[in-house]
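Trainee: Residues per chain are reported as follows:
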Amino acid sequence: MLKNYTFINFPYPFIFRCNHHYFTKISSEWKIEALDNTNPQLYISLEKDSFIFEFPQYSLAFTVNRTDSSRIFLLFRFLIELDALSHKVVLFHASAINIKQNSFIFLGNCGDGKTTVSKLIQPNKILGDDIAILKINSSKKPINVYPDPYLDCPLSGIFSLSKTSDNSLQKLDLPEKIHLLLENNLLFLYLNNPVKTPFITDIFFRKKKTIQLFKTLYSILDKTFFANLSFNLNLDKNTFLSLFNNEK
Amino acid sequence: MISKKIDDKLVILDLEREKIYFLNKTAEAVWHIFSTKKTITQAVKELLKKYKVSKPTAIKDIETIIDKYQNILFFSSRK
Numbered sequence: 000m001l002k003n004y005t006f007i008n009f010p011y012p013f014i015f016r017c018n019h020h021y022f023t024k025i026s027s028e029w030k031i032e033a034l035d036n037t038n039p040q041l042y043i044s045l046e047k048d049s050f051i052f053e054f055p056q057y058s059l060a061f062t063v064n065r066t067d068s069s070r071i072f073l074l075f076r077f078l079i080e081l082d083a084l085s086h087k088v089v090l091f092h093a094s095a096i097n098i099k100q101n102s103f104i105f106l107g108n109c110g111d112g113k114t115t116v117s118k119l120i121q122p123n124k125i126l127g128d129d130i131a132i133l134k135i136n137s138s139k140k141p142i143n144v145y146p147d148p149y150l151d152c153p154l155s156g157i158f159s160l161s162k163t164s165d166n167s168l169q170k171l172d173l174p175e176k177i178h179l180l181l182e183n184n185l186l187f188l189y190l191n192n193p194v195k196t197p198f199i200t201d202i203f204f205r206k207k208k209t210i211q212l213f214k215t216l217y218s219i220l221d222k223t224f225f226a227n228l229s230f231n232l233n234l235d236k237n238t239f240l241s242l243f244n245n246e247k
Numbered sequence: 000m001i002s003k004k005i006d007d008k009l010v011i012l013d014l015e016r017e018k019i020y021f022l023n024k025t026a027e028a029v030w031h032i033f034s035t036k037k038t039i040t041q042a043v044k045e046l047l048k049k050y051k052v053s054k055p056t057a058i059k060d061i062e063t064i065i066d067k068y069q070n071i072l073f074f075s076s077r078k
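Residue numbers (numbering that gives the first Met the number 0), protein chains in the order written: chain A, 0 to 247; chain B, 0 to 78.
Everything labelled a hint here was simulated from the structure, so no lab data went into it.
Each hint can be trusted.
Okay, derived cross-link-like pairs now, DSS-like style, lysine-lysine, Cα gap no bigger than 25 Å in a straight line: (1) K87(A) / K3(B); (2) K170(A) / K4(B); (3) K247(A) / K139(A); (4) K236(A) / K162(A).
None of these values were measured; they are calculated from a predicted model.
Given these sequences and hints, build the entire structure.
Mentor: What follows is the structure in structure tokens.
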């Protein structure tokens with residue numbers, strides 16, 4: 000269930016040792032341990048028909064029906080994003096590409112064209128097909144796009160997508176920018192939906208983390224060019240770069 | 000509530016009401032005034048002192064802003 004996602008090249012010492020093996024081979028219990036060999040940070044155990052997740056660092060524990068695998072993945076990702084936030088790392092439902100010294104991310108729902116745009120532009124490197132990982136640095140440094148820590152990939156632009164008959168860019172206003180970031184951030188959606196995260200009983204914990212998330216998102220809004228990319232199937236790298244250079 | 004100035008707008012996050020407010024310069028000025036001055040008369044005086052506007056315009060602006068942002072105007076501003 001984690002096959003489309005990689006957390007190996009994470010931009011900070013990752014507290015989980017997590018890979019496909021834990022989810023496919025071991026049938027009774029997982030202990031996902033801290034990389035520095037301190038106490039385990041997350042326990043996942045298997046009962047008769049459910050998984051039990053325990054996350055001692057945040058005093059969280061919850062049970063998930065064994066057959067509901069997509070929910071398990073989303074909850075696991077929620078916990079990962081919760082932890083990432085304390086390192087000023089945020090994840091978005093987006094594709095991410097690199098062209099020379101510029102990185103661009105395309106946010107949107109399934110079917111909006113995230114993968115199509117990445118392929119049409121033919122970038123130097125595709126950094127992510129479904130998740131873009133952003134590391135917010137100190138105020139003067141640019142935002143980095145991961146998961147490849149060996150590439151210097153400062154973020155140059157964030158785009159929403161719409162399929163039309165021509166290729167053009169339309170700048171977004173502030174409410175549109177915030178809306179775009181929030182609706183593509185699973186952490187925000189889950190923190191503010193107690194039905195999806197009933198195991199968080201502390202309302203102050205939700206508020207504290209939401210405020211922390213907003214402060215991080217404000218840094219992205221401050222530093223980044225935002226636009227909607229209207230595109231057709233004739234879009235290519237040069238067209239995209241000339242649209243970007245004209246508008247930024 | 001937390002606030003932050005972005006793109007010439009003051010963005011205010013109100014978690015209690017699950018709303019985000021975007022204040023332009025006039026609304027921001029009124030918001031700051033109401034964080035210390037609590038009556039409309041005091042706010043109008045303060046606005047006239049700080050900005051080159053006529054009294055009727057100041058009253059109209061303040062009434063419009065109170066109507067639109069009444070939920071957040073009576074909290075003190077925090078950066």
